[in-house]
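*Asks:* Using the sequences and the hints given, assemble the complete structure.
Below, each chain spelled out in residue letters.
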Amino acid sequence: MYMITKSLRLIAIYLCGGILAASCGKKYFLPRERNNIGDDAQFNQAVFQPVLGRTTQYMGIFVPGSTTFPAQFRIINARNVATGQSAPELTNLYPVMVWKNAYTGKETSLAEIEAKREEQYRPVLEVGGSGQLTMWSMAKSSFIRSLPDSGYVFDIELSNSGGRRYFTNFLLQPFKERPFEPTNLDPITGQPVTYGTHPSLVTNITGDSTNANLLASDIDVFIQKVASGTTNNKLTFRFFDKQYNPINPDRFGATDWPNLVHGFNMTKTATGVSYDVSYPLPSVKLPTKYTNGVGDRAHLVFAYNTFDSFGAIVRASMAFDFSIYENANWEIIFVFSKDNPKFN
Amino acid sequence: MNLYKYSIIVFLVSLLGVAFPSFAQGQVTIKGMVKDAQLKQPVDGATVTTGTSTTKTSDAGVFTIEAKPGATITITHVGYAEKKWKVPAKPDELVEILMNSKDDPMEQVVVQSFKTVKKSTMTGASTVISGKDLQDRPVSNVMDLLQGRVAGLNIQNTTGSPGSMATINMRGVSTTNVSSSGNLTPTSPLFIIDGVPVDVNSNYQYGFESGGAGISPVSLIPPEDIESMEFLKDAATTSQYGSKATYGVIVITTKRGQSKVPIIQYSGSYFYTTPPKLRSVIGGQEERRIRLNTILNFDTASRQSSLEYINRSALLSDSLNPYWNNSTDWQSYFYRTTSNHQHNINVSGGDRRFNYKANLNYYNQQGIVVNTGFQRYGLNLVGNYMPSDRFFMSMSLTQQLGYKQNASGVGAYQTGIANTANTSSLYPPPSLFSNSEALASATTKNSGKLNNTTGSLNVQYEPIKGIRFTNLLTYNYSSNASDYFRSQYLAQDSAGLFSYNDRSYNLYNRSAVNFTKIVNDVHNFTAYAFNEITKEGYRAHMIYFNQPADDQIWGPIGNSFTRTAGGTYSNISEGRIHAYGGDFAYNFAEKYIIDLSYRLDNTSTNGPTRGYTKSPAVSGRWNFYKEKLFKNASWLNSGAIRASWGKNIKPNGTIFDVYGKYLNGPRYNNGQTVVIDFETLPNVEFAPEVAATTNIGLDLALFNKLNITADAYYKAIDNQLVESPLSNTNGFQRVALNAQSIVNRGIELAATLQLVQKDDFRWSVSANGAYNEATLAKLPSGTRSIIKYTTDANSSIPVINKLGTIPTTNLLYVNRGVYANTSDVPVNPATGLRLQYGSGQGLFFQAGDPIWVDVNGDYIIDDNDLVPVGNPTPKLTGGFNTQITYKGFTLNVNTSLFAYRDILNLVLANQFANYGKPTDITALIPINGYNYWQPANADRSSGTVGAIYPNPYDFRRASALGPFRANQTLFLENGTYFKLGSVVLAYNIDRNFLRNYGITSCRLSLSGNNLYNFTKYSGVNPEQVSTLGRDISGGYPLAKTYSFSVSIQF
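Going down the list, the protein sequences come from chains Z and L.
Note that the working numbering has the first sequence beginning at 301, numbered continuously upward.
Note that the working numbering has the second sequence beginning at 11, numbered continuously upward.
Rather than coming from a laboratory, the hints here were simulated on the basis of the structure.
Here a beta-carbon is modelled for each residue, glycine too, at the ideal position from N, C-alpha and C.
Check before you lean on any hint, since a few could be wrong.
What the hints assert, rightly or not - Label pairs and their calculated CB-CB ranges: (1) Glu-457(Z) - Tyr-554(L): 55 to 63 Å; (2) Gln-944(L) - Gln-420(Z): 30 to 38 Å; (3) Gly-463(Z) - Arg-573(L): 23 to 31 Å; (4) Ala-970(L) - Ser-450(Z): 42 to 50 Å; (5) Pro-558(Z) - Val-955(L): 51 to 59 Å; (6) Val-955(L) - Lys-400(Z): 17 to 25 Å; (7) Gln-944(L) - Ala-554(Z): 40 to 48 Å; (8) Asn-941(L) - Gly-463(Z): 41 to 49 Å; (9) Pro-558(Z) - Arg-299(L): 38 to 46 Å; (10) Ser-450(Z) - Asp-873(L): 30 to 38 Å.
*Replies:* Okay, structure coming up:
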């Protein structure tokens, strides 16, 4: 009898449950569909060492697991490693030039390039919708602690309507500015440690006195800022022989001067060639006719035709890949320090 | 089972008591009994009226009414045709009035838990389809006839291959497992054919999409031999089939001898099958022009490289070569109209004490694809013996043979032919030197055979009145064989013979004792206990001979013995199921009915610590129309409320999931070692799948002409198998967990209305609909979603199982149109680069590319931007059927409706994508009618504004970018369709006329099957899509069938 009453009670309970569940159609017993923050989500990079003065974006560092998008990421608890004090300089807003239209490498005037950018106020360190981390170019060692300082620690909050999760103790240890590459500046101290640099490739250039082929190491290259005028968008190339006498750029007669760099208003004098350009140079990491194959360096080729030792005409050239990140008037100086090139 | 039927009659007659006639002044008191004309069973609840007074028949079919002699009494009942009876001057003591059945569901005898009960005392949810409704339409698989007939039964003819089985789901999809061919693994109901369980889900062979060699066991059942089919949906009805009844049960009963005079019935059909409308294809010169213009006008590289590209392709450049200068209609070589026939002879006879039946069946259908077809040979013998009311024995023996030709494909798909039919028209017609796959399709010897032997013996004995012992023993043995031979000249001189065979058996014994007790005529107790044992096994072998001596000698060894292989498949299985339990039912005057049952199952794949799985079930019914309140409600013929709750199990996984797999290891100390396979970690807690179903139902019969059945259910399937990967520190690769749940909720409604019920003109309409919502309720270890990367015939589209939503959804890119101008593409403010596809590939979006939503805002379109969209399984299924009978003519129209489902139109995606491959040898199908992007200027940086489809001619980037990839919402279409399934016009020749020729009855009929789909879907057929809602062009087209049938009875 007990079994029967128990069964009857069961019936009553299940009937009520059944009516609720089956007829109302509400999801009483079911999990709801919602966004999710994956337990298996993680960042695969914890230490970030960008170079100040350049926009550095870390893509693909967040492994979403079963996280659903859209999701919001936020940098919180930015603090100084050494002092433990909060570091508002990372999250305060500063003006920075950002792209609003795509740079193609086919722009025909400086104004056209500049029109594709605009000034916005952004924090120096920003995290995007897929967990991508951006260090903007206005971050300078003047107000951001840089190596050898132990830098900053910050946490990232990930949230969507499915909940929130904290990823903690990311380390930010920026290097000091190195406004140009290839650089002779020490990454930690920011001081020059070598005597200039050298071209990327030297082909068929023979020394005037030695008649031997010049190597890249026989030519010194200096990238330097010059203070002149009010503008800060000039780029000038100069050439010097081993006595530091200027070489007329026209001697590099086979050079494609109009397409040497993505610059405009070329002025060529006996001592140098200068262009109006837009910094950083190259503007974006995109292979164009002005850059190397990867697109991260502007690609210069200075060339002239000459005779080889058998009397055949050959093309002698000197290539140099570089990049400049700071707005200024820059000069790139090539010095044939070992021997002068034999132009004819 | 017949005995139960008779015992109910005996019981009802005993309730009748003795009747005395009485006479009133001027009027006579008529006491009568209304009986079913065929079954001779009393009809209760019939309305008897003289025009002035009205009464109803009792449970025993008895009524008493006063009427004047000569008056006419009208008897009406929802299940029967109206009957008029003239009162004689001196009526008999007990007049007997016979009513002709209208196939009323309420009076049907139905199956519930191995008991045969009257539908009016049934506590569970079930639907019965009479065998009469399955005639006149020749089909290779009887399930095709049931589309839109049963509320809650979703039948999709996903393949038109004769002999294959449709996808059948009762009350929703119950799996998330996806096979390698891009279909959900089947969760078809369990079939019980004359008491023999047939599980069509097991031994599932990938690629065949069904068990064995592509022939479904269900396709061996001749529809002509079916007496009735019953669809058991809830736990109360399926509980006693417990061990495999999770996905519902379909009980098929074949015909029995019922006439003392032997009956010989011949049914034959001749039918034509026609392929659907073939696609129009661009041919010859026009095709070459399009290809050349694509390369010349849309190359992103230089003019020089365009010309090189053309010159490298002989197809395009060598246009005057007769080999490349054709306009071949490839489709015409593969699709055909066929004429087919089938014959069935049924011999039956006998009475209650002894009856017999023999059924012979032959069916031959040539497929609409060349070199395919299906033949069925069947023999079914049944004999019933009842020497006394206390002893009953039934024996049946069935032998069936199915034979199938598969061209070069496997059962369900004809990918080879579909690809070949999609060849460029520039190629010459099929020959050894053209696309040899075409010849292969037409000449490859590829056939499958299914041999199925079934026997059953049912013995019942009642030593003491009320206690009855029964024993049912069934045995089923089936073997599949499949041979595939590809000739030397088709296979680069390396002919190959692939030979497959498998065999499976199922031995089932069920012993039960039944107890019936009636107290005070109203308290009706029944109880029974049972014990059942199932033993089943399966093994499959294959052998492959490579390079035999020539095309005539198929073996015994091939020349290339290194590539010759053979052995037994790893899905070999051997299992036992033991179950026991009992059932108790109480019934108060057929008004209040309660049924309690309990069963315990143990299977070979239950973990050793799990023990027996307990499956209780409770159900009840209240026949409220028998309450006093409704005594005089003539509008209410019957009405009942049903409720049930119960559990069922289904064995899960394999024995290796429970105990692990042991292998021969290396020899140690000159002895053989045995080591465990580190593939699967043994799980001693492994449990079978358990479905708990709650069902509430309402049965109503109103106004003598309207029947309504409504059900609401909540079905939770727990313990589903999930292969969970283990950490690599574990040693084992994975473990099989019972960690997934799916909940199906829904409502079902079925109604039948007798519009006209005259003797020579009857018109009935019936409609049914079911709305089902499936929800994934649980995933292993707290995960909220699992993404699976599946590759099917044409595409690689990931699917997601996400908690709280439909169990399996496609993951798609959300498409918002086409970039009209390159400047419309969003730019990453940090890098100054346009939105790109993938990273580091340089695939920046430009004018004419699709706008895919960058969900996570990283200016990169990749897998993180995929979103679950769409519902591949119809939520709303239903049907509308009507039958009109006028004199000898009968017109039947069957339709079905499937709504709230989405289809990915892969065919359209391919159609566009082919334009991006100008040197590929695929056919080009016109795209003129579509609004696709076209450039407005020479550098293609701007073009059509508001285009829907991307630039199809961007051939340099197309393969990497995939603008016409199938997994985008651009190709997601509404897959709702309303199908005109069949129209049957039959004529019964006048019996009096036939009698002159010694024929009892003769029926002629014309029918059309798969006639038309009303749909907004732009593809060929919204039914022929995979169970993941993908319109795969490799499918076998569904044929239209037109038939002429004759049925003669002697």
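*Asks:* Of the hints given before, which are not true for this structure?
*Replies:* Of the numbered hints given earlier, those the structure breaks are 3 and 5, listed in rising order.
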